Amino acid sequence: MELYVPILVLAVLAAGFAIFSLTIAPFTGPKRWNRAKLDAYECGIEPTPQPVGGGRFPLKYMITAMLFIVFDIEIIFLYPWAVAFDALGVFGLIEMLLFIVTVLVAYAYVWRRKGLDWD
Amino acid sequence: MNGIQPPTIEYGQLSPLLLVFGAAIVGVLIEALAPRYLRKSLQMPVTLLGLVGAFALVLTVVMQGVPTKAAAEGAIAVDGPALFIWGVILVLAVISVLLINDDNEFVASAAAVPGTPEEEDAIAAGGAHTEIYPLALFAIGGMMLFASANDLLIMFVALEVMSLPLYLLCGLARRRRLLSQEASVKYFLLGAFSSAFFLYGMALVYGFAGTVSLAGISDALGAVGGQNTLLLIGAGMLGVGLLFKIGAAPFQAWKPDVYQGAPTPITALMASGTLVAAFGAVLRVFWVALGNLDWDWRPVMWGVAILTMVAGAVLAITQTDIKRMLAYSSIAHAGFLLTGVIATGAEAQNALSLKGILFYLVAYGITTVGAFAVVTMVRDAGGEAGHLSRWAGLGKRSPALAGVFAFFLLAFAGIPLTSGFFGKYAVFAAAVAGGAVPLVIVGVVSSAVAAFFYVRVIVLMFFSEPAPDGPTIAVPSVGTAGVVAIAAAATVVLGIYPEPVLRLAEDAASTLFIR
Amino acid sequence: MTTHYLVLSALLFAIGAVGVLVRRNAIVIFMCVELMLNACNLAFVTFARQHGNLDGQLIAFFVMVVAAAEVVVGLAIIVTIFRTRRSASVDDANLLKY
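Residue numbers (my numbering), protein chains in the order written: chain A, 206 to 324; chain B, 395 to 909; chain C, 788 to 885.
No lab work stands behind these hints: they were computed from the structure.
Remember, it's a predicted structure, so these values are computed and weren't measured experimentally.
Mimicking DSBU-like on lysine-lysine, the simulated pairs with C-alpha atoms at most 30 Å apart in a straight line are: (1) 434/B with 265/A; (2) 265/A with 236/A; (3) 265/A with 319/A; (4) 319/A with 236/A; (5) 434/B with 319/A.
Can you make the complete structure from the sequences, with help from the hints?
This is the structure:
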């Protein structure tokens, strides 16, 4: 039974975070009403009526998606390290830090070159 | 969990690689943080320092004694041939970067559609993509890794690290944007297609051997005797991926298109560096991993080599564009080099072939960069004067430039007293010793055919009347002039006194590839 | 037991390869290449199970990352040429010949 304590703690933390975010948001966030906010899927594209053939949408979406893919997939390398990080010790930690720093350099490039700006 | 040990990484041996990649990352940081007007003046020194520093590190590794064991848990082999190839790639990279430094060749803003106000604005603003420097550094680092990979996984990753920046760089020509972008798309789609073949071949070989390390595959071959469908198909598909990169027939179709469309400095880098690196990888896969399978791959390679030499030489005759002609010449040269790859046998024979190939790569690489440097200088209103007819009478308008170019062409043809002669001689002599006499005969005949079209260009330059509206000869920047001078000097020196480099190649080859 | 997976992987690879050869839209060709890479991944993972070592699974990780990098570079190139030509058909890109 004791084995499940960490999981339980994690569940409590997760639930606590969710409840905290939901309760604090109405008080701290700006309240600017617009029509798009009431849409079913709030990404800026009108879900209905659909244009013929799905229509074309701005390139900005693709850039965001590509940046997401590139940075998201790097997480793969964290996974094997996380499984064996105690066996790899300091060596693994330093190598992983070097890896993350390299990814961060790419991130800094995207950020400074306004790749993350929507407009 | 206790079975996992931290790997040992020989940072000293890998330092040249790490420096090149480190410089590339610093280059990206400069792009991110430095203001626009400073970027170029920061990028150039960082790039050159990285490359020259890496060359110095290669020398220190050699001074400390060539390692006899593969580094990084057997993933990267820093052996004699690898160090030699690293040195060659770095020298070629430095002179190519001098050429790349010429502002005029690259697009002001890749995102602007050609012929629109945005593009005019970008050109007026004097913008230039300084990202080309880190991209070139990543490609160069990938080339070095590709030639020293001792493990198919590292080889695949290196292949992509080398190719992806080159795909992008191909599309960045300032003039003739449509051609450049088309070259980029073609190179990318065909390159990705071929690397998928390489990968599936790797999967099948892994299925056969249970490992992707070259030494492990070689050991597994000994156990089975080499009659295994998985292995044969896998080896064939690996071969497709690798032969694509060296541009051997029947996988040569991309080469003329890409060489013509890409910005000429990038073409110079690709034609020299990529070929050198790809031959390093071909040798490693076919000699180290599949050495015991040579009865199976040799007949196929014979066919490929003959087809490559003949196709390169014959198709070059029909070309009307100077860069396309040089591309077909590069295909023919890949065929000549393949004769050396085929001529294996006992250890002494292997060392002889390897020495020939290494020397050929140096000689051909430097002359190629020089030839493309000359191409950048002969200009029309719309950019480089690519069409051969525009080169008519160049010898009368600019005897020095035409003379240097003629000299490079003679070196490609393998005329005595040029570096090309000794390169061809070294490879063909090794091939004869290895029992590939028919191949050498085909090689000599296609050399003669190739000499025909080189001479045709020379005749065109010197013995026909210049057109009244002929191309202008751009006053070269210091870098471009330096590249032409270095390449011409190297071609002369290697043609008259090749002993030092030959001896260096012999020393590098004597240890053969470590396993 | 693992044969089925290998057959599936070979089929996927073949579908991808044929797709590259017969389709005309650069994006679709590119998707076919990705299909080929994923077929390779399936083969790697299957062989890893067959041999009882982890190498193949590890290679699959690397292939995924390389494929992601290739997607980004590839789409960037294709979008650039699309904006210039208003078409992603590889038949329209025919300036480079002879």
